[in-house]
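Q: Protein chains in written order, with this note's numbering: chain L, 1 to 128; chain H, 1001 to 1500.
No wet-lab data here; the hints were simulated from the structure. The C-beta atom is built at its ideal place from N, Cα and C for all residues, glycine as well. Certain hints may be false.
Unchecked claim - Here are a few chain H residues that face chain L, going by a calculated C-beta distance under 8 Å:
(1) R1475
(2) E1478
(3) V1479
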Amino acid sequence: MSYPETYRYTKEHEWVHLDGNHATVGITEHAQHELGDIVFVDLPQPGTQVTKGHTFGSVESVKAVSDIYAPVSGQVLESNELLSKSPEKLNEDPHGDAWLIKISIASDPAEINALMSAGDYQKYVGAE
Amino acid sequence: MINKVSKHIVQNEPLIFERTSPGKRGYQLPELDVPPVDPVQALGAKNVRSEIEDFPEVSEFEVLRHFSRLSTWNYAIDLGLYPLGSCTMKYNPRVNEVVARTEGLAWAHPYQPEHLSQGAMQVIAALEHALGEITGMDAVTLQPAAGAHGEFTGILMIRALLESRGGARSKILVPDSAHGTNPATAMMVGYSVENIKSNDRGVVDLEVLARAVTDDVAALMITNPNTVGVFEENIRKICGILHDKGALVYMDGANMNALVGVARPGDFGVDVMHLNLHKTFSTPHGGGGPGAGAVAVAQVLTPFLPGPRLRRAANGWTWNYDCPQSIGRVRAFYGNFGVLIRALAYILAHGGNGLRQATLDALLNANYLRTLLEPHYQIAYEAPSMHECVFSDDRQAKKGVRTGDIAKRLIDYGFHPYTVSFPLIVRGALMIEPTETESKLELDQFAGAMISIAKEVEDNPELVLKAPHSTRTPRVDEVTAARKPVVRWRPAAAASQAAD
């Protein structure tokens, strides 16, 4: 599995990509693989406040429902409409088209850069 | 080798809607002997519905055969082992059915005056007393209708107690080895949930817990034994950590079948817990139901119990409605009374020594299965098992076979599958609870099937991956069923119209 170098990663298997004070959040290739076939994705409405470390939605596979945790605090700008009709996209392209939410961030960008790099995350899931 | 089941003619049966034939009736009404009334005139047009479309028209005999045929497709505890973990699918003694059908109990009406209900009230009082003794707690309510309802009742009481002390607090801690309903319960009572990670022995890590217990923690919801079937050996210390911070301990009693007659939660510091009477105390469940989620509390929580409460008066039992701090009723009348009668009958038939023996036999059966299966499946935690054992599919996963595949192959061998993929802290979990009511023969057959499947995984994984092979319906496409559910049958014509 390859993980984009420009993303940062959490222990809960979310990725975050920073662009100015906007962040895109998704789940990792490892997460989708562990979950198996994803059948439903529950995401917040635009305008919702999310808090770093707190759950903002859930991903349901045939095995289980898993919470997803916000890697940063801020306000939801957009939820990925694609996933409401085609949850399987999250299995196919978790690092690309199947992003979950875009956030206008309230966190300090330095805090985000302190999250795991692609290399560190790869080691983390290798060790898990 | 498959030897528990063999091929057998099974009747096919369509949906009852597809059996319909215009004009057929399953009833005959006598001729009208009063003047006919036009319902539209009598009740008003808005209160009168038009015909129900496509209502099946069938004879009485066809209805009877329809449901009899469907019933032969079923698997039930009365046909064989039902090893779902944490579900305690034990035998439901038939004598309990006889007791529950005692005329005065079966026909009692909840609005019957108290002086005519003394026997029924005595049943409730006796069961409350017995469950208080079994749990080591000070008082019991029998109102809640099921386990999760009991949790809800218990956490409401914790909230009420903390509010009376000045603040409800904001957070409930739930170990990752707890029952899945626990976080949902905490949310329903308005608390946020914080997960506590287990250590590599499958139990709560004391240091992690101590760090998490802050002044805004209302309670810990702990399942003991937990969902990996391991006893939380530090339970006294765990309770101490919570109590030192003014927080309470809720115990999910779903796994109480491992403790009855051996250890009492009240003695190890639990403040409130529920009991699944339909699991531990043998009343029918799993589609049969209904459940009963009795809640037992320590002294400090008794003022908050749901009302009304039974009280002994000079001339017998009476309901006391004067409970100013009570959280109020949580269920109409007095709980699922029929279930309560069966649970009391079970307790009295066993007596203290019998209940203890049942617990020891439940542990023996689970550990017997563990010993037989450990050479073939990866045990999740080395810690001793209580009433259930949890394996991971690690060894089989190397051949591409996962826990769900093994479970489906088990159906071909004539067994109900174990609990699949739960608890989530075990990768590819196989969670097996045999209960004390299984014979060695049935356990040997089950273990034989599991071992045979483990060999199939080595020699011919395709056989397992495509299972089941001998069922009416081959493996169903669970993914499409979940992604594009069709939840309602429609007649062929309407269905094609809807598709247009």
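Q: Next step is simple, just say for each hint if it's right about the structure.
A: Verification of the hints:
Among the interface hints, the one on R1475 (chain H) is violated; its C-beta lies about 12 Å from the nearest C-beta in chain L, farther than the 8 Å criterion. Below 8 Å, beta-carbon pairs count as interface contacts, and E1478 (chain H) has one with chain L at about 5 Å; its hint therefore holds. At a threshold of 8 Å, the smallest CB-CB gap from V1479 (chain H) to chain L is about 4 Å, leaving the interface hint in force.
Violated hint: 1 only; the structure is consistent with all others.
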